[in-house]
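Novice: Each chain, written out:
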Amino acid sequence: MADGSVPQSATDHARSIPLDEIDVSHPELWRTDSHWPYFERLRREDPVHYCKDSLFGPYWSITRYNDIMAVDTNHQVFSSEAALGGIAIVDQGADLRLPMFIAMDPPKHDVQRKVVSPAVSPANLAVLEPMIRERAAKILDELPRGETFDWVDRVSIELTTQMLATLFDFPFEQRRKLTWWSDIATTIPAEGMLVETEEAKLAILMECLGAFTELWNERVNAPPQGDLISMMAHAEATRNMSPEEYLGNLILLIVGGNDTTRNSISGSVYALNKNPDQYAKLRANQELIPSMVSETIRWQTPLAHMRRTALEDIELSGKLIRKGDKVVMWYVSGNRDDTVIAEPDRYIIDRERPRQHMSFGYGIHRCVGNRLAELQLRVIWEEILKRFPVIEVMGEPERVPSPFVKGYLNLPVRIPA
Amino acid sequence: MPVITYVEHNGARHSLTLKPGVSLMQGAISHNVPGIDADCGGACACATCHIFVDAAWNDRLGEQGDIEASMLDFAEGVRETSRLACQITVSEALDGLVVHLPEAQH
Numbered sequence: 001m002a003d004g005s006v007p008q009s010a011t012d013h014a015r016s017i018p019l020d021e022i023d024v025s026h027p028e029l030w031r032t033d034s035h036w037p038y039f040e041r042l043r044r045e046d047p048v049h050y051c052k053d054s055l056f057g058p059y060w061s062i063t064r065y066n067d068i069m070a071v072d073t074n075h076q077v078f079s080s081e082a083a084l085g086g087i088a089i090v091d092q093g094a095d096l097r098l099p100m101f102i103a104m105d106p107p108k109h110d111v112q113r114k115v116v117s118p119a120v121s122p123a124n125l126a127v128l129e130p131m132i133r134e135r136a137a138k139i140l141d142e143l144p145r146g147e148t149f150d151w152v153d154r155v156s157i158e159l160t161t162q163m164l165a166t167l168f169d170f171p172f173e174q175r176r177k178l179t180w181w182s183d184i185a186t187t188i189p190a191e192g193m194l195v196e197t198e199e200a201k202l203a204i205l206m207e208c209l210g211a212f213t214e215l216w217n218e219r220v221n222a223p224p225q226g227d228l229i230s231m232m233a234h235a236e237a238t239r240n241m242s243p244e245e246y247l248g249n250l251i252l253l254i255v256g257g258n259d260t261t262r263n264s265i266s267g268s269v270y271a272l273n274k275n276p277d278q279y280a281k282l283r284a285n286q287e288l289i290p291s292m293v294s295e296t297i298r299w300q301t302p303l304a305h306m307r308r309t310a311l312e313d314i315e316l317s318g319k320l321i322r323k324g325d326k327v328v329m330w331y332v333s334g335n336r337d338d339t340v341i342a343e344p345d346r347y348i349i350d351r352e353r354p355r356q357h358m359s360f361g362y363g364i365h366r367c368v369g370n371r372l373a374e375l376q377l378r379v380i381w382e383e384i385l386k387r388f389p390v391i392e393v394m395g396e397p398e399r400v401p402s403p404f405v406k407g408y409l410n411l412p413v414r415i416p417a
Numbered sequence: 418m419p420v421i422t423y424v425e426h427n428g429a430r431h432s433l434t435l436k437p438g439v440s441l442m443q444g445a446i447s448h449n450v451p452g453i454d455a456d457c458g459g460a461c462a463c464a465t466c467h468i469f470v471d472a473a474w475n476d477r478l479g480e481q482g483d484i485e486a487s488m489l490d491f492a493e494g495v496r497e498t499s500r501l502a503c504q505i506t507v508s509e510a511l512d513g514l515v516v517h518l519p520e521a522q523h
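Just so you know, the sequences run in chain order D and Y. Under the working numbering, think of the first position of the first sequence as 1, with each following residue one higher. Under the working numbering, think of the first position of the second sequence as 418, with each following residue one higher.
The following block holds chain Y by itself, in its conformation from the complex:
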């Protein structure tokens, strides 16, 4: 099963073995990774599961949807590499993925 690493803003690393099919948000929440709030529960409606993903992974992550883009538009500290973790589904192709968490979810 794929291993995903979440790196908190303070540098703390959490490497999790996740089941394909869950979202990166669900994976973090179910293992109590601090720094992801996920207020809306995965509806792409609150932008509190904001993460940064290295551009090298873009091909394997799936496209950013219009709603995700519009929600990210209002998130804090958005960069080119910003995504919402609820919109990325874990698969074998993501084995080894490292995602970084922002200073705060807003």
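Just chain D, with the same shape it has in the complex:
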């Protein structure tokens, strides 16, 4: 498997369980990183798979690369609309339905997306790069030597949260609030989780809305600036958003700009440690950094899936999906489809076509910030390789118990003194 760490019991179970009982959405499979053999079996035996009962209700799993591509590019039939449940396997609840452009269909999606996309245009990225480099250097220079520390907290969260604070022009010293709201927004409330009830989650997200409403009021009365809040406050398509819609789009930008790059940065350190030959190859040839970045994003797949809702009956690979059904595109599985990607379970930083992966999605909802994500990963690695011959992973990370955000709660590492 991915890193050879899937317990044999999970592999045995995945092979022996009756097909119709396979439910790849259970958070425990994600916490323990043992979903891989179930997807392997589905890709082989039942690539378009119906699960009639799960924590998230009945849903279809789309597990092969080409089928996922077919769903992702057919937005006329496969809707992202929040009112139908939105874009994740967990339905947007009736009490907390936050419109955001990722969870809209055209034409509204199109005009709102275009408001924010200049923030991540090539021209703006060229402006951001020296700043990202300076910050990356500072973060790395302050790391301890010869002692174990948490890479997620000290580097991955720090770099991406600083970036996000800049994009919003959010008060810099309060930037960890962005991380907090991001984590809350993607938490499925349950006992022992960051929030235990929908009400508690809503209360925290209202704090987020309050803070951002102050910023909106400030910016709407000032001349237009290049930050995302000012862009939304001044654009025709977004200036009259309801508070729910504003919060929805904020959550989208915070989560999109935070969790995903954070977990890919952590994933790069983890993957290179699991594959020391690849780490050696990278050190020997730093021109491989961009392709290592793409390979990491494929290997990590920081968002395991996106969800759609069928607007009409449609056949896919011999299965009849009914109008109203929940359809989950498992990018994490498409990225391991060996009919499209050679030796997909291996982490190969100089593979032939490293950009051919599904982690950014395809079609009109394809990740708007993908180039910024790649830029942050590239720059942090250019700066890492200037400084440290090696970053050693000292133990297994704890993983997020979620079928949506595929990432790490922590990653103990050490930089030799």
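It should be emphasised that the hints constitute simulated quantities derived from the structure, not laboratory data. Some hints could be false.
What the hints assert, rightly or not - A few chain Y residues facing chain D, derived, Cβ under 7 Å:
{"id": "1", "residue": "454"}
{"id": "2", "residue": "456"}
{"id": "3", "residue": "457"}
{"id": "4", "residue": "458"}
{"id": "5", "residue": "460"}
{"id": "6", "residue": "462"}
{"id": "7", "residue": "463"}
{"id": "8", "residue": "487"}
{"id": "9", "residue": "493"}
{"id": "10", "residue": "521"}
{"id": "11", "residue": "523"}
Said to hold, decoys possible - Chain D regions said to be covered by chain Y (calculated; three or more residues, Cβ under 8 Å):
{"id": "12", "segment": "62-75"}
{"id": "13", "segment": "106-118"}
{"id": "14", "segment": "361-368"}
From the three backbone atoms N, C-alpha and C, an ideal C-beta is built for every residue, glycine too.
Assemble chain Y onto chain D, guided by the hints.
Specialist: Coordinates of chain Y only, in the frame set by chain D:
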């Protein structure tokens, strides 16, 4: 066989003899022309094979489809002459075509 010229944003020219039937994207990728990413491999799903084609060629290029138009809608620096290279098939009628590449694929 038709000759197609790709001009990079920095002015570098690549004149390629291509087999009819391949797409302008495939032609560029198989000859390692820099500046075309083609992340989705030709599914008209990522808009990273964005090119500019002089309007004089419009009749010979084939119509822009709805999906191509919607993907181009989100590409960077789109102009009247923007197309996706994966959606244009090389034919004898395109002999002598010159296409220009944008500063970056996004």
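Novice: If a hint holds in the structure, say so; if it does not, say that too.
Specialist: Here is what the structure says about each hint:
no., hint, verdict
1, 454, "holds, 6 Å"
2, 456, "holds, 5 Å"
3, 457, "holds, 5 Å"
4, 458, "holds, 6 Å"
5, 460, "holds, 5 Å"
6, 462, "holds, 4 Å"
7, 463, "holds, 6 Å"
8, 487, "holds, 6 Å"
9, 493, "holds, 6 Å"
10, 521, "holds, 4 Å"
11, 523, "holds, 6 Å"
12, 62-75, "holds (count 3)"
13, 106-118, "holds (count 5)"
14, 361-368, "holds (count 5)"
Going down the numbered hints, you'll see the structure goes against none, and every one checks out.
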